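Enquirer: Now for the letters of each chain:
Protein chains: 4
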Amino acid sequence: MENWDGKEGTSQIQFADQKQEFNKRPTKIGRRSLSRSISQSSTDSYSSAASYTDSSDDETSPRDKQQKNSKGSSDFCVKNIKQAEFGRREIEIAEQEMPALMALRKRAQGEKPLAGAKIVGCTHITAQTAVLMETLGALGAQCRWAACNIYSTLNEVAAALAESGFPVFAWKGESEDDFWWCIDRCVNVEGWQPNMILDDGGDLTHWIYKKYPNMFKKIKGIVEESVTGVHRLYQLSKAGKLCVPAMNVNDSVTKQKFDNLYCCRESILDGLKRTTDMMFGGKQVVVCGYGEVGKGCCAALKAMGSIVYVTEIDPICALQACMDGFRLVKLNEVIRQVDIVITCTGNKNVVTREHLDRMKNSCIVCNMGHSNTEIDVASLRTPELTWERVRSQVDHVIWPDGKRIVLLAEGRLLNLSCSTVPTFVLSITATTQALALIELYNAPEGRYKQDVYLLPKKMDEYVASLHLPTFDAHLTELTDEQAKYLGLNKNGPFKPNYYRY
Amino acid sequence: MENWDGKEGTSQIQFADQKQEFNKRPTKIGRRSLSRSISQSSTDSYSSAASYTDSSDDETSPRDKQQKNSKGSSDFCVKNIKQAEFGRREIEIAEQEMPALMALRKRAQGEKPLAGAKIVGCTHITAQTAVLMETLGALGAQCRWAACNIYSTLNEVAAALAESGFPVFAWKGESEDDFWWCIDRCVNVEGWQPNMILDDGGDLTHWIYKKYPNMFKKIKGIVEESVTGVHRLYQLSKAGKLCVPAMNVNDSVTKQKFDNLYCCRESILDGLKRTTDMMFGGKQVVVCGYGEVGKGCCAALKAMGSIVYVTEIDPICALQACMDGFRLVKLNEVIRQVDIVITCTGNKNVVTREHLDRMKNSCIVCNMGHSNTEIDVASLRTPELTWERVRSQVDHVIWPDGKRIVLLAEGRLLNLSCSTVPTFVLSITATTQALALIELYNAPEGRYKQDVYLLPKKMDEYVASLHLPTFDAHLTELTDEQAKYLGLNKNGPFKPNYYRY
Amino acid sequence: MENWDGKEGTSQIQFADQKQEFNKRPTKIGRRSLSRSISQSSTDSYSSAASYTDSSDDETSPRDKQQKNSKGSSDFCVKNIKQAEFGRREIEIAEQEMPALMALRKRAQGEKPLAGAKIVGCTHITAQTAVLMETLGALGAQCRWAACNIYSTLNEVAAALAESGFPVFAWKGESEDDFWWCIDRCVNVEGWQPNMILDDGGDLTHWIYKKYPNMFKKIKGIVEESVTGVHRLYQLSKAGKLCVPAMNVNDSVTKQKFDNLYCCRESILDGLKRTTDMMFGGKQVVVCGYGEVGKGCCAALKAMGSIVYVTEIDPICALQACMDGFRLVKLNEVIRQVDIVITCTGNKNVVTREHLDRMKNSCIVCNMGHSNTEIDVASLRTPELTWERVRSQVDHVIWPDGKRIVLLAEGRLLNLSCSTVPTFVLSITATTQALALIELYNAPEGRYKQDVYLLPKKMDEYVASLHLPTFDAHLTELTDEQAKYLGLNKNGPFKPNYYRY
Amino acid sequence: MENWDGKEGTSQIQFADQKQEFNKRPTKIGRRSLSRSISQSSTDSYSSAASYTDSSDDETSPRDKQQKNSKGSSDFCVKNIKQAEFGRREIEIAEQEMPALMALRKRAQGEKPLAGAKIVGCTHITAQTAVLMETLGALGAQCRWAACNIYSTLNEVAAALAESGFPVFAWKGESEDDFWWCIDRCVNVEGWQPNMILDDGGDLTHWIYKKYPNMFKKIKGIVEESVTGVHRLYQLSKAGKLCVPAMNVNDSVTKQKFDNLYCCRESILDGLKRTTDMMFGGKQVVVCGYGEVGKGCCAALKAMGSIVYVTEIDPICALQACMDGFRLVKLNEVIRQVDIVITCTGNKNVVTREHLDRMKNSCIVCNMGHSNTEIDVASLRTPELTWERVRSQVDHVIWPDGKRIVLLAEGRLLNLSCSTVPTFVLSITATTQALALIELYNAPEGRYKQDVYLLPKKMDEYVASLHLPTFDAHLTELTDEQAKYLGLNKNGPFKPNYYRY
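Chains as they are written, first to last, in the working numbering: chain A, 1 to 501; chain B, 502 to 1002; chain C, 1003 to 1503; chain D, 1504 to 2004.
Where hints are given, some of them may not hold.
What the hints assert, rightly or not - Once the Cα atoms are required to be at most 25 Å apart in a straight line, the calculated SDA-like pairs of lysine to any residue come out as: (1) D:1960 - C:1258; (2) D:1993 - C:1335; (3) A:241 - A:231; (4) D:1833 - C:1477.
Calculated from the structure, these hints are not laboratory results.
Bear in mind that the values here come from a model prediction, so they are computed numbers and not experimental data.
Only chain A is shown next, with the shape it has when bound in the complex (with noise of 0.2 Å):
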């Protein structure tokens, strides 16, 4: 789940300058640190709604301890197997809230469309992948699964995929080292070898690439949900190194719109209030950036009564922000009076340490654009300024003449840090995944070349049709003369591929 508003900017990952760091194979034994870090969004920290366990846990690595679940198996690694019950009931909960998985599983119960699909995926593993691995088992495939973020793991669920069966390789606080063994351990198996993957980063593409390239052979596609895998695709197809078709689900409407205008609408908020349980009435509040992300924010603070600010770089957004009732600003002119400030840019040194510098007493900073780069951080480890942590995620950092300003999650992204993320926004990505893997397994010889594909607009449609229950919706359908009128198929798609929504 990463945010972008269209003005990310990932150049700065190369994946030529990192070829040689990927000779030096991790051992099993050695576990010294790999020299190549590993991607950012794989260390991003991460928050998770429910984790009842971790402090009680003890400390041994997952990696040396001799575990089996109940059926015997032990061809998984997790923290603790025992926590397989708690597991289980977040994913029961989960499941309620993913009714378009549930219908595939119904569906399935005739057609297996991913019978003989062999799995490999990397990504975050919460109760809501779970229920994405058991949807895709339930369409006949066989998965193998890592974390794509070494923070993000809940091991009670990993626990109760491990004990129905699956192999996962995933826990909290994994090392880098750990990471790199987890995901090699998904696919350097004896007897099996993948013909699917599903990533969410680029980090287990990127491994195969580097270590199995023959593995490619019988790879059918790679379906990528992130900003930065899809933008390593784009790289290596440009380079005219990517060997099979993959697919870009992150920049389906559904998701965009979902992850981004609709998710933020809602996590601003929630974010805002579990770290420093402000008033949100009459404060002044600037958002840098009026894209998805932006919106979103700029339309929640409104709405509970905040003064909202914006800017923009970009004419045509600014415009939007001036016709939604927003003042657009240059950051200067607003810095010394705001109350919070906002990155939603892509960008890099948005708000700057003369920014910070400028800003008043009990100030709020925070970041919900895409990397931890927007708000110059680094320039506040300076010795004059005093750190004091007064809550998890939340930093006061003082100046000299005692002014403080809070700064959350130390400039990271705030969403993923400081609130949690409905289930019915990565019901809707689980499911794109879902349907993107069926497309591309099943797909004729030809459809698909060596290249990066945008979902078919009509599997868009799909997902979103597959959610429509949720809020008893119920479509209109077009009648023969109408759509004879309209030049549609009655079925779909509905719109010409620029039509922005």
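For this one, chain A is given, so just place chains B, C and D on it according to the hints.
Expert: Using the frame of chain A, we list chains B, C and D on its own:
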């Protein structure tokens, strides 16, 4: 100014079918009716806010009058040249809200990007068009102009233009024959041949195609604003018959968002109030279609305290409606209980006689969509129903049991018929047209082929930027470092083409 | 229909000062102007949505005409009895939106709570008033009626009432002398003496006090609707001169919230659009005063995308403005930057010449407050400024340097002058008046003394309940157990008197 | 902090019934349970945002511990005096958001309006209360304090107060016996007798009445904040037993609007998110009751894209709900379809077992109203239903067919249990309390009698004005001329007492 929410279907407009009708050339003397019907959009009724002088006008046809402007020219045909002063005042008022064109004029003091351009235009003739024409003049162009709609001409504005030397051929209430005669007078001139076309609806382009195809040898390009006209151009292009480059300004971002989302957000309230004086608070409304037009209508009505239901055929738009807080229903489910029905689909027969039969007493029915076929008004022309015109644009249709429904504008576009379009919206369209003309006129040989083009994103951004000063909005500029990080040029374009805004 | 936000100050209206002026009785012949000015509210200009017939009217004074209705009666004086049919249609339309009065009529088929009542009324004469009068008739009352405003009478409605037998004395464009003559004709009748007064502004009450004080012996009570009239009654009461009970219906909850908050929420948009066709999105607006009227204006403009600033003198209302998301400023701080200035204070000289001098070009200035003194319009009548009437109710005031400000309705009430009041709002007021008449007329001896009363809360609740069916709203009833728990009667009243809603 | 929407009914709380129970005096040794139940509000569960130290605490009762602060005093009883430093940090943070009290302190450098005051207090013990107490100290008062709720004390704050010399007797998790023991320790002191009471819930007042009635001879007044406590005072007053003046600060405008409307607008979202991580967009919600609390909940949920239905018993509030855009229904009509049920009535059994039986799977049920009787939770304690505690404050109640409803906080107040109250809201209440104490303490003999008073409007306005600087809000001052015109004092009060805001 036409609405379009992506589902518009004008496939019934067939160039092919109309070939023969144009062999009969209108004679200047005969004034017999042309057998060919003019385009639908050119006969839509059209209200204008300010028309001071019409009521006292005489009934003589302008074509029979001998008129001269104060400089002695008679190369025009308007209702009454003496109304020029009134029109000039309207133009001056409009200038105050069209800052972008005024900014272009200022620039033109140095360079004349349209020097040598001979533009023939066919658009609504309003104060805003006058500001555009006089701007084109200031940029160096010569212009000749006709009206694209037989009702929409503001006579006093046409007079003011004629007085200041523009050959304008237009008046309110033209006959079909007048319509073509006016167009012909624009292009069929001794010693003057157009090299640029600015069209709205495609009738002018069509006329030249049929009558003076050789003119295209000198024409550098066509700029077309309307859905209908763009559709015709794409058909020409598909048929291999488009012989000059054409610019589709209808689908530019700024036009789409302003003409549809923002403009409808404002005009739906205005249209309903002016016709019915209804109170919005607590009223139950069903909006058919959740494209840009529907989104605008829903947002405004919800904001004013109405309870809004939405119908949709497209599951993605449907899901957006849900997330935005609207119950998604089939029309049948709510038709008995709603106070207002608004169509915004671009489809036909969305509201059928059966629906109309089931509506409750006093239900208001109106259309904000594309054409007048969305409500099956024809089905109400049956003997058992009584029509009562209670105000201009407001009919009561009365059932035998006394039930009345309130039909606005006889099902034609409410915002064209019963409200006014804010000058600011028209300013955006006019600026886009001016820039498209400049682009096509100055494009180096070969940049544009015989095809239909979208406005380059950079120009779309430029139009937006020219309108920011109206809001005293201050754009942020990228630093060199940021531009590099994002991989963007500091001056834009700032987004990929598929960006949805 | 007057606005009031709690700060209204009519202390300048002095009964004492006006004593002498009324010794001169208007003669039917002389028609010379009375030296006493009629109340301010009776000369406020007033627009009416539907007036079909005025333009073609002859110029003869109604007082000089001999007219008879179809039943031969000539006990009325209206512009033109022949317009009765047009007026009847308007009344029928109004009936459809006044469900509460129609419900009272239905009830009246059984009981006639106003049997024997002789009501003399002085209100605006509109279709809605006609529905009220005919309801009072259905409830058993005899009525005689005059207009409370010299401009507001709808002639065709007055004709319809006269045709159906109501002695109505009113027309649009009365002189001051006509005004008092009409009132006199209502009360000064052989063989008929009123026993109830329904007044709007206090002029009728005043007239009887001065001319026919003995009439009060038979009068059971006064129902007064307006701020001004209520103020006069309280002054009479304080001076010990009020000799019958009076009901202040102005301060009933439903009237306050509807006439002010909700009605202004709707009419501010309508008034601005009809006069200026402006776009609301992105406009900067300052609203002076955050009482009910200001709250309504602010809510509507914010909802339509304007950026709204508020000025206030009361810290509680100011804090509400803050919490509702508006920047609280002094007018000076924003006067140079705003696009619109709206006064809603009830105060005077809120917008001074100094403010007007500093406004930017094209700034719109208007008044939604109580009287026309909020904007110091008089200060604009100086030689260096040019006034230009650009539309009805719209003046451009032009400074020597060319700056124009757009003054609406010459600073009088925008919503009375430039928009229409929804029938539904008027229905609430009319129903409240009817119930207040019934209450006073039927009250047992001694329940009401010679004082000014607020409507009993239970009747306020009853008015509200009569309007719920319009919204198909279903009220929940308390169970016996719940009523006991809450210590409430199941039928209300449900709130203590000080409850703020 | 209690909610009240005007329909609150605490008539079941009977002082009379409780007389006998209090003859048994708690002994310091015995610690046997008192037969009398403490007030309901004192046992409501209460969450606190920041409680760093509780988990590691020992289990010894504070009453059994020997503790001294750094100055050697042991006149206090808190959980652990060593937590003082943590508590001080929380107090410092709170000070930053309580500008009004800090402003009073600044003033107090000159005058000490509470010099000689001996205040005994019984309130929630939080950082905000600490700021209040230290402000009272700075104003010249001596204070002794107990907790009004057995769960709500922040131990580290109590420690910080004890460390800085305040005799505080309170800890989190008191028994009922502890509760009364603490109160007794505040008032039953050698050589110190209170002359002012600050109470929240009435338990302290009650205790003094029953145990030390003679103390009232020296007591100048009672300041009471809660609905319950105010209700008790009115009963005492009615019974002629109130022997000192009392100030009802619960019904001050600022408290009502902030604690109810604005605070609930913010806390409903927070409470739902923290417990369920649900998405608001598109969810169907029914809110029972449209008083201030219901208005706040509805506004927030609508703003976040939920579809909100309202139930009401009062037709005026019902009409407001309609005008604000909510469908007014009976609970039965929507109970099968809604995703969330929220009670805000002050009534009991609003949600019955029958309703609960008909809710759909996963429906969330919670209470924002006054007491925990609004939802008939008791009816769910039947054998066929399974309760499953899924998170803190979240129960799944499972029907035999597998249907689950999600019950929050076991039907107790959601915003007390599952969200935090913004400091700013508490600042308003605390400031009002401080000003009420000053007013009563300094009032000249005879201004206040043995009755219950509302805060003078001028002080209400003063509280508001002290909070405006937080918003950088600039109040406009009346000119002399304007004040005269309005008949107002330039410094207020600005509104009549019945003004509704």
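Enquirer: When you check the alpha-carbon spacing of residue 1960 (chain D) and residue 1258 (chain C), does it fall within 25 Å?
Expert: Roughly 21 Å between the alpha carbons, so the hint for residue 1960 (chain D) and residue 1258 (chain C) holds.
Enquirer: Need the status of pair residue 1833 (chain D), residue 1477 (chain C): alpha-carbon distance at most 25 Å?
Expert: 7 Å, holds
Enquirer: Is residue 1993 (chain D) close enough to residue 1335 (chain C), meaning Cα to Cα at most 25 Å?
Expert: Distance of about 21 Å is within 25 Å: holds.
Enquirer: Given the proposed pairing of residue 241 (chain A) with residue 231 (chain A), does the C-alpha separation stay at or below 25 Å?
Expert: 14 Å, holds
Hint check: no violations occur; every hint is consistent with the structure.
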